[in-house]
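J.: Letter by letter, the chains look like this.
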Amino acid sequence: MTARAVLPRVGLHLAAIVLALWVLVPIYFITLSAFSTQESVYQYPKQLLPRDLSTETMRFFLDSEGIVPSLQRSVIVAGLTLLIALGLGAPTGYALARFAFRGADSFRLAIVSTRAFPIVILSIPLAVTFLRWGIDDSVYGVAFAHAALALPFAVLVTSSVFSGISVELEEAAMTLGCSRASAVARVVMPLALPGLAAAAIFVFIISWNEVFAASILTLRNRTLPAQVLAVLNASPLPFRFAGGFFLLAPSLLVIFVIRKYLFNMWGRVVK
Amino acid sequence: MAEVGFQNVTKIFGKVAAVDDVTLDVRDGEFVVLLGPSGCGKTTLLRCLAGLERVDAGRIEIGGRDATDLPPRKRRIAMVFQSYAVFPHMRVYDNVAFGLKMQKESKATIEERVGSAASLLHIEDFLDRYPAQLSGGQRQRVAVARAIATRADVLLMDEPLSNLDALLRMEMRAELKSLLQKLEATTIYVTHDQVEALSMGDRIAVMNAGRIVQVDTPLAVYDRPLDTFVGGFIGTPPMNFVHATVALDDGRPVARLGGGTVPLREDARAHVGREVVLGIRAESIEVETQPADGAVAATVVVVEPLGSHNLLTVRAGDNLVKVSVRPDLFPAPESELWLRIAPDRIRWMDSDGGGALGEEAEDLARSREATLALAQDASTALS
Chain A
18 MTARAVLPRV GLHLAAIVLA LWVLVPIYFI TLSAFSTQES VYQYPKQLLP RDLSTETMRF
78 FLDSEGIVPS LQRSVIVAGL TLLIALGLGA PTGYALARFA FRGADSFRLA IVSTRAFPIV
138 ILSIPLAVTF LRWGIDDSVY GVAFAHAALA LPFAVLVTSS VFSGISVELE EAAMTLGCSR
198 ASAVARVVMP LALPGLAAAA IFVFIISWNE VFAASILTLR NRTLPAQVLA VLNASPLPFR
258 FAGGFFLLAP SLLVIFVIRK YLFNMWGRVV K
Chain B
261 MAEVGFQNVT KIFGKVAAVD DVTLDVRDGE FVVLLGPSGC GKTTLLRCLA GLERVDAGRI
321 EIGGRDATDL PPRKRRIAMV FQSYAVFPHM RVYDNVAFGL KMQKESKATI EERVGSAASL
381 LHIEDFLDRY PAQLSGGQRQ RVAVARAIAT RADVLLMDEP LSNLDALLRM EMRAELKSLL
441 QKLEATTIYV THDQVEALSM GDRIAVMNAG RIVQVDTPLA VYDRPLDTFV GGFIGTPPMN
501 FVHATVALDD GRPVARLGGG TVPLREDARA HVGREVVLGI RAESIEVETQ PADGAVAATV
561 VVVEPLGSHN LLTVRAGDNL VKVSVRPDLF PAPESELWLR IAPDRIRWMD SDGGGALGEE
621 AEDLARSREA TLALAQDAST ALS
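Line by line, the protein sequences are chains A and B. Just so you know, we're using our numbering here: the first sequence kicks off at 18 and counts up by one. Just so you know, we're using our numbering here: the second sequence kicks off at 261 and counts up by one.
Everything labelled a hint here was simulated from the structure, so no lab data went into it. Heads up, a few of these hints could be off.
Stated by the list, open to error - Looking from chain A toward chain B, a few residues come up when the C-beta cut is under 7 Å (computed):
id	residue
1	V85
2	E185
3	A189
4	T192
5	L193
6	P207
7	L249
What the hints assert, rightly or not - Taking CB as the label site, the calculated pair distances span:
id	chain 1	residue 1	chain 2	residue 2	range
8	B	N423	A	V40	58 to 64 Å
9	B	A317	A	S177	33 to 39 Å
10	B	E371	A	P207	19 to 25 Å
Just so it is clear, CB atoms sit at the ideal spot from N, CA and C, and this is done for glycine as well.
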């Protein structure tokens, strides 16, 4: 290979390494600190290698008041958000992908435009409404708000997932004895699974990481990010690292678990 | 097995009639090809029959039953799609078994039918593979096996060979034809490839702009096209169309065109003085190298050697004419030739390119009457 051919490759790899480090180094330090003794968290300069591993910091964090319940609430809220956003979003996405109905384009635009209203502006009227409905300060209120945030995304992503699956496959199933519903269940859904999984990851993470609406809509029953934020200023450094790790870990875990569905299914890349 | 009937079927997309008042009857076990250029409505007509499109007017019958409003699964049809539409998440076996499983056949029946369909299409060795591991030709076989495994009454094929390369297409064409002869299934086959249509069909329905222009056997459609569209669409090269005037020469009817006169059949006498279009196949023209009586002078423009024959493009008066000659005849460009055309090999039509004249007009009437009679038979049988 000539220098001319090698140089761009080296540049590309360097850029990739820098980007990866940019993401990985903070994750590494957060994880390291979360699993160190409390003293070593305060140490400067930082150790680069895990020297004194301990669950002391994590235990301290988990034993702090309100953390375990808020963790449970976060899981429930993210799960509910996932159910609502995909339960409504996937059928909507399917309709947008398959049927040419009057106003389909304006509908698509309207879905996107809902994201134009910042959650800051939506939160106050939402809080008032939820107070009236009696679902303020509950997981349902937060899940509804999160579902509203995630729904446009769920609709658009699932719509493109379904458009990527040839209509002829569905029609073939229908000529072979399926109704439209069973053609969707037997042929479309298995093929859409990787894409739907991707949409599910993002919806889950949108909810898991969302802090603003959660903070406004809850007071005592906070989700984890809202809880951590609320007590952040008054907490010691080990608590912050452990909290950071707890917010980070599920997102990473979910991505790693569902990743294989994203790239490789039935021995080929699913478009 | 079943007969199929379209009665005044119309399908409108937006403001365009994709299928415009089509009436066609297909006999039990018959192989009918819907042939036409892209956008002529042939695929739409097939999809209406499959139940994948709802017709806007008219009636569709399958096996004597009114199927106009039936969903696809209740029509007892099977379809092979242009893209094959083989399910990528199922092994070949499950693809072929899909229709049988939907019909809730017993496990033994499914195994037996999948086995026989697979052996007919020579895909026994791939049954455990996923479609992604197959070549295009093999996937095509899977699609056909899947369609025939259900033993549907009517087999629909939408350009099944168009995604194969030329050599494979020719191979599959013969194989598919012999397979369908064995199955004796009523088959409706859509293609834009006139060679496929001529070589496979019992009858060809030529479509243009949403309408059926002519329905007849491949030979009749080839030799006696009803208008210039059919003549121009079918055959390589397409039929020659030469403008001429009918006249009397020594009391015998002839066509005058630049370069000379061509004798016509006796019944052309009725059209003396009229402007006509003569339809002549390239292989119906004989070539003389010396001036001869009743032959038209022409100048050679291009010679294309094609192995089995040579294709000449010659100029006779204002008309460019394609002539097929034996492979050892290599006239020099710009040299003179004389064309002789047998009167009964000439098709004459209205000069506006429309319908056929004389005996040809009778063909037209015959074809329409036959269609009508079939339609009436079908409706009396029903009522």
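J.: Assuming the hint says 58 to 64 Å, is it satisfied by the Cβ distance from N423 of chain B to V40 of chain A or not?
T.: 44 Å, violated
J.: Should the interface hint for L249 of chain A be scored as holding, given a Cβ-Cβ cut-off of 7 Å against chain B?
T.: With Cβ-Cβ at 47 Å, over 7 Å, it is violated.
J.: Using the nearest Cβ pair, does E185 of chain A come within less than 7 Å of chain B?
T.: At about 4 Å, which falls below the 7 Å cut-off, the nearest Cβ of chain B leaves the hint on E185 of chain A intact, so it holds.
J.: Close enough to count: is the Cβ of A189 of chain A nearer than 7 Å to one in chain B?
T.: 4 Å, holds
J.: Lying within 19 to 25 Å: is that true of the beta-carbon distance E371 of chain B to P207 of chain A?
T.: Roughly 23 Å apart at Cβ, these two residues keep to the hinted range, so it holds.
J.: Does the closest beta carbon of chain B sit nearer than 7 Å to the beta carbon of P207 of chain A?
T.: Holds, because the Cβ-Cβ distance from P207 of chain A to chain B comes to roughly 5 Å (cut-off 7 Å).
J.: Indicate whether the distance between the beta carbons of A317 of chain B and S177 of chain A respects the range 33 to 39 Å.
T.: 36 Å, holds
J.: For the restraint on T192 of chain A, tell me whether the closest CB of chain B is nearer than 7 Å.
T.: Where the cut-off is 7 Å and the nearest Cβ of chain B is about 4 Å from T192 of chain A, the hint holds.
J.: Answer holds if the nearest beta-carbon of chain B is closer than 7 Å to that of L193 of chain A; otherwise answer violated.
T.: At about 4 Å, which falls below the 7 Å cut-off, the nearest Cβ of chain B leaves the hint on L193 of chain A intact, so it holds.
J.: Can the hint on V85 of chain A be confirmed by a CB-to-CB distance to chain B that is less than 7 Å?
T.: 41 Å, violated
Hints 1, 7, 8, counting from the list given before, are not met by this structure.
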